[in-house]
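*Asks:* Spelled out from the first residue to the last, the chains are:
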Amino acid sequence: MLSHAYLIPLLPLAGFLVLALFGRRIGEPWAGWLGTATVAGSFVLSLVTYGALLGRTGSGREVTDVVYNWIPAIPHSGFQVSASLLVDPLSMTMVLFVTGISTLIHLYSIGYMDGDGDFPKFFLYLNLFVASMLVLVLGGNLLMTFVGWEGVGVCSYWLISFWFGRDSAASAGKKAFLYNRVADVGFLLAMFLVFERTGTLSYGSAGGGGFLGQAASLPPSTRTAVCLLLFLAAAGKSAQFPLFPWLADAMEGPTPVSALIHAATMVTAGVYLMCRIGPLLSLSHTAQLVVSIVGVGTAFVAASIGCAQQDIKKVLAYSTVSQLGYMFLAVGTGAYEAAIFLMVAHAFFKGLLFLGAGSVIHGLHDEQDLKRMGNLRRYMKLTFWTVSVGVVAIAGIPPLSGFFAKGDVLDNAFAGSLFPWKVMWAVGLATALLTAYYMTRLLVLAFLGDDRWKAVVDGGRAKKDPHESPWVMTVPLVVLAVLAVVGGALNLPGHLSFDPLRWLAPVFGPGAFEEHLSGSSQWVLGVVDALVALVGAGVAFRLWSRETERPALEPALLQRSWYLDEVTDATLGRPGQALARMAASFDTRVIDGAVTGVARLTRGAGSGLRRVQTGYVRQYALGITVGLVVLVGYVTFLAVAR
Amino acid sequence: MSVPYQWDIVLSMLLFSIGAVGVLVRRNILVMFMCIELMLNAANLAFVSFARHLNDVAGQAIVFFVLVVAAAEVVVGLGIVVAMFRRRRGATADDFHLMKG
Numbered sequence: 001m002l003s004h005a006y007l008i009p010l011l012p013l014a015g016f017l018v019l020a021l022f023g024r025r026i027g028e029p030w031a032g033w034l035g036t037a038t039v040a041g042s043f044v045l046s047l048v049t050y051g052a053l054l055g056r057t058g059s060g061r062e063v064t065d066v067v068y069n070w071i072p073a074i075p076h077s078g079f080q081v082s083a084s085l086l087v088d089p090l091s092m093t094m095v096l097f098v099t100g101i102s103t104l105i106h107l108y109s110i111g112y113m114d115g116d117g118d119f120p121k122f123f124l125y126l127n128l129f130v131a132s133m134l135v136l137v138l139g140g141n142l143l144m145t146f147v148g149w150e151g152v153g154v155c156s157y158w159l160i161s162f163w164f165g166r167d168s169a170a171s172a173g174k175k176a177f178l179y180n181r182v183a184d185v186g187f188l189l190a191m192f193l194v195f196e197r198t199g200t201l202s203y204g205s206a207g208g209g210g211f212l213g214q215a216a217s218l219p220p221s222t223r224t225a226v227c228l229l230l231f232l233a234a235a236g237k238s239a240q241f242p243l244f245p246w247l248a249d250a251m252e253g254p255t256p257v258s259a260l261i262h263a264a265t266m267v268t269a270g271v272y273l274m275c276r277i278g279p280l281l282s283l284s285h286t287a288q289l290v291v292s293i294v295g296v297g298t299a300f301v302a303a304s305i306g307c308a309q310q311d312i313k314k315v316l317a318y319s320t321v322s323q324l325g326y327m328f329l330a331v332g333t334g335a336y337e338a339a340i341f342l343m344v345a346h347a348f349f350k351g352l353l354f355l356g357a358g359s360v361i362h363g364l365h366d367e368q369d370l371k372r373m374g375n376l377r378r379y380m381k382l383t384f385w386t387v388s389v390g391v392v393a394i395a396g397i398p399p400l401s402g403f404f405a406k407g408d409v410l411d412n413a414f415a416g417s418l419f420p421w422k423v424m425w426a427v428g429l430a431t432a433l434l435t436a437y438y439m440t441r442l443l444v445l446a447f448l449g450d451d452r453w454k455a456v457v458d459g460g461r462a463k464k465d466p467h468e469s470p471w472v473m474t475v476p477l478v479v480l481a482v483l484a485v486v487g488g489a490l491n492l493p494g495h496l497s498f499d500p501l502r503w504l505a506p507v508f509g510p511g512a513f514e515e516h517l518s519g520s521s522q523w524v525l526g527v528v529d530a531l532v533a534l535v536g537a538g539v540a541f542r543l544w545s546r547e548t549e550r551p552a553l554e555p556a557l558l559q560r561s562w563y564l565d566e567v568t569d570a571t572l573g574r575p576g577q578a579l580a581r582m583a584a585s586f587d588t589r590v591i592d593g594a595v596t597g598v599a600r601l602t603r604g605a606g607s608g609l610r611r612v613q614t615g616y617v618r619q620y621a622l623g624i625t626v627g628l629v630v631l632v633g634y635v636t637f638l639a640v641a642r
Numbered sequence: 001m002s003v004p005y006q007w008d009i010v011l012s013m014l015l016f017s018i019g020a021v022g023v024l025v026r027r028n029i030l031v032m033f034m035c036i037e038l039m040l041n042a043a044n045l046a047f048v049s050f051a052r053h054l055n056d057v058a059g060q061a062i063v064f065f066v067l068v069v070a071a072a073e074v075v076v077g078l079g080i081v082v083a084m085f086r087r088r089r090g091a092t093a094d095d096f097h098l099m100k101g
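Protein chains in written order, with our numbering: chain A, 1 to 642; chain B, 1 to 101.
Please keep in mind that the hints were generated in silico from the structure rather than gathered at the bench.
A few of these clues could be false.
[Unchecked claim] Some chain A residues flagged as far from chain B (calculated, every beta-carbon gap over 10 Å): (1) Y6; (2) D311; (3) D465; (4) A570; (5) V617; (6) L622.
[Unchecked claim] Residues on chain B that point at chain A, a partial pick, calculated with CB under 8 Å: (7) I18; (8) A20; (9) V23; (10) A93; (11) H97; (12) L98; (13) M99; (14) K100.
For each residue, glycine too, the CB sits at the ideal point set by N, CA and C.
Given these sequences and hints, build the entire structure.
*Replies:* Written as structure tokens, this is what we have:
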């Protein structure tokens, strides 16, 4: 079965092709069911592959599957790349949760996109996205990963601006694309550097001949450079400081897109990449420190912004950025397993929260403002309960998955050997407090309190009563809620016969960090985490359940996301525009000026000379005669002068 | 005793100058034609006298070419003059300045 891993990305790709050719004819809702079926097929295939991989031991768990020789060896450089898939515990864990979540969100989209004019096109993009994401995680070398990386990037662009008739959606798509382009430069440069130094691009961690196996023999500066360049790419894709503003704007896309691409899967690609190069990253302390500082800083900044947002999706978007920051903190401390654990758990509860938000938006007929919701608990019971589960999970209240996952990250930071990691742990804990606060605020504003949406008059008529969503939308909610509850069991301390995360360890090489905390300190840290979460949730409940307008708690600084857009605009946008304007004036003045100058000169000369052509024959004759006389005179003069 | 060839040349120059001035100052197209013929024949005279002086027959041969070309030119030119007469009475060159730039 392992040699058939290529079928996993191929199935959604086939769905994409069928939808591209016949999507309009298949129409609604069968196009959606087709898309869902192909992804579900991938999920089944990856379950089988995962099982087959479990049956193996040791180095047998790293299978490189060469599909075909993509770029044959180029003479003199030895550059050779094959379209290969790397099937190992890390990639299969990713594949499993990507296909699983994608299946649920495809199903949900059938309900959410119901009645949209471009229904088949939506599933076309969604299937292409899943195929690209699977190529990204399964790719056996940097170039294959890059293909998937760009594939998900372009799908993200298409899906953010899916409703491109709206100006804001179109420009949000462009913004996402540009931020990612800037970051992708890092990926390209890293590939060049890796090939220049090692002569290969394939991963091959455990002596597979890839560059990760040669990590130890590379000079430290190269290791740091490669890691930091790839981190630049990861920071773009995973929305880390200062490249995160695009993710908030990306909420212009349909909500299932926000759930699938901008919460559960694509934005974790950066974390995946950093985990994949774990053996290299572990050898560069500078890079590790940079990654964890950026990570924890982003986590805190984004969480603080999330506290002051009004748009339900924006809150979730900044929450995603914040959680991704946690994952990078884990990666930076070398705790790759904790990063993957949080990534999977986050996919469950953040997917759930986004789908719940989508259900609310759908039920309230496209209302996204938290201040115009309230008391939805009465109208949307199932959505209320599932979202509550998501909120409790992300807030880190035991025994839900978020508690274990976030606790794992924080414990690893606390146990870090260097001083800075203690500071990072403290910042991480503060972020956990904020997380519990803003998520509870969201829950309270949306589902409790008065029916504020009744006061909203839309175009002269009051809003219709909200309604619960159809079953295709609630089933994924329930499934994800169950996963969000039990997801913490993935990494329970104890001696289970199969530990789904521990078996990832060989992938990350010997440099991976493992916390060594005594049982009692783990208990203490766990209690501290839980208390912080409860305090955050309690404060938010007290503050927001009675009052909905508290301007002091929503300062402009946080509402405008620390003025990061304004700073970017002032430092990069406006100088860039000035440069462009200069270039434009150079073009019109100098380059166009030369062209029009030649034309003007010719025209001037012509209009001057045309006076000579009078049409009187005798004047021409006079001209000829005078010319003749002058010529003869000149010749005579020459003859005489000699 | 023969006439010195310089006299022929002077005569040729006189004829040419008369022709040139005629072309410049006269407005009647027929007279301008005659003046052009005068200039051509002045050139012919120069050719012949140089041919005799230099004892080279090529000059005399060229005269035949000039005569043929002059005949052709007259045919075309008179054709034009007749056509012009049909369109308007008179043959004044200055009336025809349609080709003004």
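*Asks:* If a hint holds in the structure, say so; if it doesn't, say that too.
*Replies:* Do the hints match the structure? See the list:
no.: 1; hint: Y6; in the structure: 77 Å, holds
no.: 2; hint: D311; in the structure: 72 Å, holds
no.: 3; hint: D465; in the structure: 85 Å, holds
no.: 4; hint: A570; in the structure: 60 Å, holds
no.: 5; hint: V617; in the structure: 5 Å, violated
no.: 6; hint: L622; in the structure: 5 Å, violated
no.: 7; hint: I18; in the structure: 13 Å, violated
no.: 8; hint: A20; in the structure: 5 Å, holds
no.: 9; hint: V23; in the structure: 5 Å, holds
no.: 10; hint: A93; in the structure: 5 Å, holds
no.: 11; hint: H97; in the structure: 3 Å, holds
no.: 12; hint: L98; in the structure: 6 Å, holds
no.: 13; hint: M99; in the structure: 5 Å, holds
no.: 14; hint: K100; in the structure: 3 Å, holds
Of the numbered hints given earlier, the model fails hints 5, 6, 7; all others are met.
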